[in-house]
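*Asks:* One letter stands for each residue in the lines below.
There are 2 protein chains.
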Amino acid sequence: MDAILARRSIRKYTGQAVPDDVIKKLLKAAMSAPSAYNEQPWHFIVIKNRQILDEIPRFHPYSQMLKEAPLAILVCGDKNLEKSEGFWVQDCAAATENILIAAQAQGLGAVWLGVYPREALVAGMRKLCGIPEHVTPFSLVSVGYPAEHKPPSNRYDEARVHHDRW
Amino acid sequence: MDAILARRSIRKYTGQAVPDDVIKKLLKAAMSAPSAYNEQPWHFIVIKNRQILDEIPRFHPYSQMLKEAPLAILVCGDKNLEKSEGFWVQDCAAATENILIAAQAQGLGAVWLGVYPREALVAGMRKLCGIPEHVTPFSLVSVGYPAEHKPPSNRYDEARVHHDRW
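Protein chains in written order, with the working numbering: chain A, 1 to 166; chain B, 1 to 166.
The following block holds chain A by itself, in its conformation from the complex (with noise of 0.2 Å):
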């Protein structure tokens, strides 16, 4: 609970390395989202690799911070495993949300950058990454261990809650 109210989207990160453990919590947390008729449509590239991290801002305008992060989490969606067509964005979704929720329990920091729907962003990290037509890059998490603290954000509206009619 408190992992998902204290977290923030953190840019800034020391120079220290995510152990290996620590990734495998963060995929199986993503891995242990729900999915339409569970269909678990995802893949996870981990991009520990100095220069295809640097490669990134080269043609994402809003993923400068690759170049500090020791670690990037690509997930993609596979339209050979989507079961019920057209909710794999929904699910990779919830498991990027996993990974940043993950990320915050293990005291990292961590950023989802947005890649589906941006044609230029999907094409850019399916050439630099390899990707095969049939899956989709979806979003990247920059993750590193935390170079700036920001204050839980209250975002809580009344006014975007309704009872039981609009």
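Calculated from the structure, these hints are not laboratory results.
There may be inaccurate statements among the hints.
Since the list gives no way to pick out one identical chain from another, each pair is judged satisfied if it fits inside one copy or across any two copies.
Unchecked claim - List of simulated lysine-lysine pairs, DSSO-like, C-alpha gap at most 27 Å:
1) K12 with K24
2) K48 with K28
3) K127 with K48
4) K83 with K12
5) K150 with K83
6) K28 with K67
7) K79 with K67
8) K28 with K12
9) K24 with K150
10) K67 with K127
11) K83 with K28
12) K150 with K67
Computed from a predicted model, the values in this text were never measured in an experiment.
Given chain A, work out where chain B should sit, using these hints.
*Replies:* For chain B alone, kept in the frame of chain A given last:
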């Protein structure tokens, strides 16, 4: 972390009502989700009215559990609040996932029912709850105190993990 890993879809509930302060925690969790450009394009309809809950299974084939559920939260996306076109679905999915994890953390059971992009389900919810045209019913979360208990399901699959490239 435990709430993420232990969460399962719960479709059987005791008759106990969910207190308003607990519902508010679920909504706070939902609104703590990240969104593209922090656009927060969401609205939430808290449905406790028995007649409305009973009406939903008449057009939504996977919602029979609502006949026993004390509560459902309808997550909606508002086109007028969208700052980055095409991202509202991901934002609303992240908010929905936060409700599910928060429910688990609060000792509740919940299940995510897909609405968007199924036109018949969107139209059914729109009519039932009087939702205006610029707002799209996105997902429905059925919530209650659990009357079934499922062990955590380990969905981690090493085959879905790639390193640096596909």
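*Asks:* State for each hint whether it applies.
*Replies:* These are the hints, each one checked on the structure:
1. K12 with K24: Classified as within; 22 Å inside a copy, 32 Å across copies.
2. K48 with K28: Answer is within; shortest intra-copy Cα gap is 18 Å, inter-copy 34 Å.
3. K127 with K48: For K127 and K48, the Cα distance is within 27 Å only inside one copy (17 Å; across copies 49 Å).
4. K83 with K12: Close across copies (25 Å), not inside one copy (38 Å); limit 27 Å.
5. K150 with K83: between (40 Å within a copy, 23 Å between copies)
6. K28 with K67: within (26 Å within a copy, 33 Å between copies)
7. K79 with K67: Neither. Shortest intra-copy (31 Å) and inter-copy (34 Å) distances fail the 27 Å Cα cut-off.
8. K28 with K12: both (24 Å within a copy, 26 Å between copies)
9. K24 with K150: both (26 Å within a copy, 23 Å between copies)
10. K67 with K127: within (19 Å within a copy, 49 Å between copies)
11. K83 with K28: Intra 22 Å, inter 32 Å, cutoff 27 Å: intra-copy only.
12. K150 with K67: Only inside one copy: K150 and K67 sit 21 Å apart there, 43 Å across copies, limit 27 Å.
Against the hints set out earlier in the document, a violation occurs for number 7 only.
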